[in-house]
Each structure stands twice: as structure tokens, then as C-alpha cells.
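Chains as they are written, first to last, in my numbering: chain A, 0 to 204; chain B, 0 to 204.
Among the hints, a few may not be true.
Copies of the same chain look alike in the list, so a pair counts if it works inside one copy or between any two.
Said to hold, decoys possible - Within a straight-line C-alpha distance of at most 20 Å, the following computed DMTMM-like cross-link-like pairs (lysine to aspartate or glutamate) qualify: (1) K18 with D69; (2) K161 with D47; (3) K41 with E15; (4) K25 with D92; (5) K25 with E125.
Simulated from the structure, these hints should not be mistaken for lab results. Owing to the predicted nature of the structure, the values given are computational and were not obtained by experimental measurement.
Protein chains: 2
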Amino acid sequence: MDQQYSSALLERAVDEFSKLPGIGRKTAMRLVLHMLRIDVCKIDAFTDAISTLCHDVRYCTVCHNLSDEDVCQICANPARDASTICVVENVQDVMAIEHTQQYRGLYHVLGGVISPMDGVGPGQLEIESLVERVSEGGVDEVIFALSSTMEGDATNFYIFRKLMNFSNLKLTVLARGMSINDELQYTDEVTLGRSLVNRVPFTCK
Amino acid sequence: MDQQYSSALLERAVDEFSKLPGIGRKTAMRLVLHMLRIDVCKIDAFTDAISTLCHDVRYCTVCHNLSDEDVCQICANPARDASTICVVENVQDVMAIEHTQQYRGLYHVLGGVISPMDGVGPGQLEIESLVERVSEGGVDEVIFALSSTMEGDATNFYIFRKLMNFSNLKLTVLARGMSINDELQYTDEVTLGRSLVNRVPFTCK
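Work out the full structure: start from the sequences and follow the hints.
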């Protein structure tokens, strides 16, 4: 069959939808048929939102987070603690940490982790700009908040070597251990071992 | 929080995506961040395909299938058997039957089934236009190919009453019975009973 559907327009829309990750042809068809049922002005709002985002999006020149301005709302906020920088892999990680409402410092988005298997070297990441930010002074602490994977650990180590010679700079990494609500017997042995080694004084908070 | 993300454009695009059925905010975010990574001209192709479809789509004036022209490719095809009309619920059903490659007649898309619970009465469906098509002559058989549900059966019965008085018109319904590859012991009793009652002569095809 050179054409699966009765309408070439439908075929094209389904094709485009099914290029998105995790969306097959059946889901694409379901979404497209849904769009045919709703009001055309809602479709215009949808396509305009995506088009505007992709054409006009910018990245913060300081922390490389997604932003509508040259400097993002977090970096521009004077209430945030500019002496602490949290190093994360990507934009989602910034959101995840913001959602905890436990962090009032700034961020630095690397844009990935060092991964020779995927052809990602340190040069493709925003590591040099991090070193520059630190060398400009005013930074007391850099928190490594990368994924707890081999690639994340390698990246942590690479950045650690770049920053270790700055005097009076505290380098910290997120605590690893049991998740909240985890049952001890089902926790994997590596995590449980790390939880034991890194045990902290008990407080009644 | 009045704004969840660092970019209002991002927020808007995620909002729009998560209005689609079966897409939550996490999936919407994943799709939007994917779109930020790909080329802008691909985004334009995506939004243009959807926009064009929703603005320019038409329905076949004969069978009410989705179409790019006034009359769809199936109705306009002289190689198809115009004396047989297959009555289906929606556009997806036309595709499902076309995929079997077992049917060479025409279709009639009702646009739904009679469902008092959802407020759908016979007047909202393309039933009158079906009766008109049949009364114009040249139709030998109408195949009821609706879903095997209570609503589908009620709709079948309603249309049957409308068409039963046409002389020389064969009214047929899709066979119900065991699915191909079904194991007998796991087939539900209603289906198995129907399979028994409607048994057909054995052929070595």
C-alpha cells in the first residue's frame, strides 16, 4: 500500500505525530482523530504554543537553564543564594530540585554527562563555563547533583579535578542511601552499604 | 506556585500537550523537551501538518469518511463494488476493514452509535443519508459492521427497521464467534454459544 488512509492530510499528520518518542502509529492516529473533533481555534493554540516555544526559546547565559530572557528567573532572583551552585545534568533536574522546595541557591545545567559510549566528551558539556563562574569568585559551595550512574560519577570526578584547587570552595555531592518509605529488606546491597557508611547523627527533627 | 517552570513558553507548550487524551504532564514535558532538541524546520513540518489537516479536512459527501476531496477515494474508485455498503461507526473502522483486504464494496460512516447514556440519538448519526443512498437504488446488500456492544446492537436494530421494507435488499451482519487463535476453554460462554448456533459448513479452504 502506498497510502494507508483515505486522506493524505490525515496520513501526513499521523506521520508527524508518530515521529515523537514513545508515540506509535496507533496512538498518533488516536491523537489526530481527537484533534479533528475539537475546535479549530484550540488547534491553533496548540500549534502556536509549540511553534513559538521552538522558535523563541533561549537558554540562560549564566546557568544554561531554559529561559524566556537572557538571564533566567532563578539567576535573576536576588532572594536566591548566589554563593551556592548546584550542578545538574538537564532542565528536568532543575525542576525536580525546585519541586523539593529545599534549595535556595543557583544552578548550572551541564547539558548531559560524560559518556564515551554515546560520544559525549567533556568539551560538549558546560563544564568550562562552570569553572569560569567559580573563578569569578563569590561561590562558596558547588553541589554535584548528577544521576547516580557510572557516567554521572565519572562526570562528578572530572569536574571535581577541575575545581579541587580553588581555595575555600566546598565541594559536596547529594547523599546516597535508602529512599524514604523503602523497606530495609528490599533495599539493594550497594545502596544499603552506602547508607551504613554514610550514617548521620540522629536528630529529632 | 503560579508558575512551575523557568520559561512561560515551555509552560504553555506543556499545557497544550497535556490537554491531549492519554498524555499527562510528565509525558507532555518529555515530548516538548524532545521538540526543543530537534531541528526547527521539523517542528514547522509538524505544526503545519496538524494545522493543515484541521483547517482543510473534509468528509466524503457520499459515505462521510475522512477525505481530501468532496468524494473520497473509495467512493470514487470505479473498481469497487457499488452494490454493497458496509455500515461502520467511525473512520478508524473503515481503516480496520480496509486492512483486512477482504472487502471491495463501499462504506457508510455513521459517526457513532445510538447511546442514550451519552445523549446520542439516531438524529445525530448519518442514518437518514444511508436510507437515502439505499432508496436511490443500485444497492444489493447492506452489511452491519458495528461494534458488538449493546449500543451497536441497538443501532443495528434501528437501521434494520428502516431498511427492512426495501425489496431485494440483503441485510447482513458481521459473524460473531471465536477469535482466530483463541483457545476454546478460555472463550466466554456467550461468544462460544453464538459460535455454536451460527456454525457453518466445513470447507477445506
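Check your understanding: Which numbered hints turn out to be false for this structure?
Key -> 1, 2 and 5
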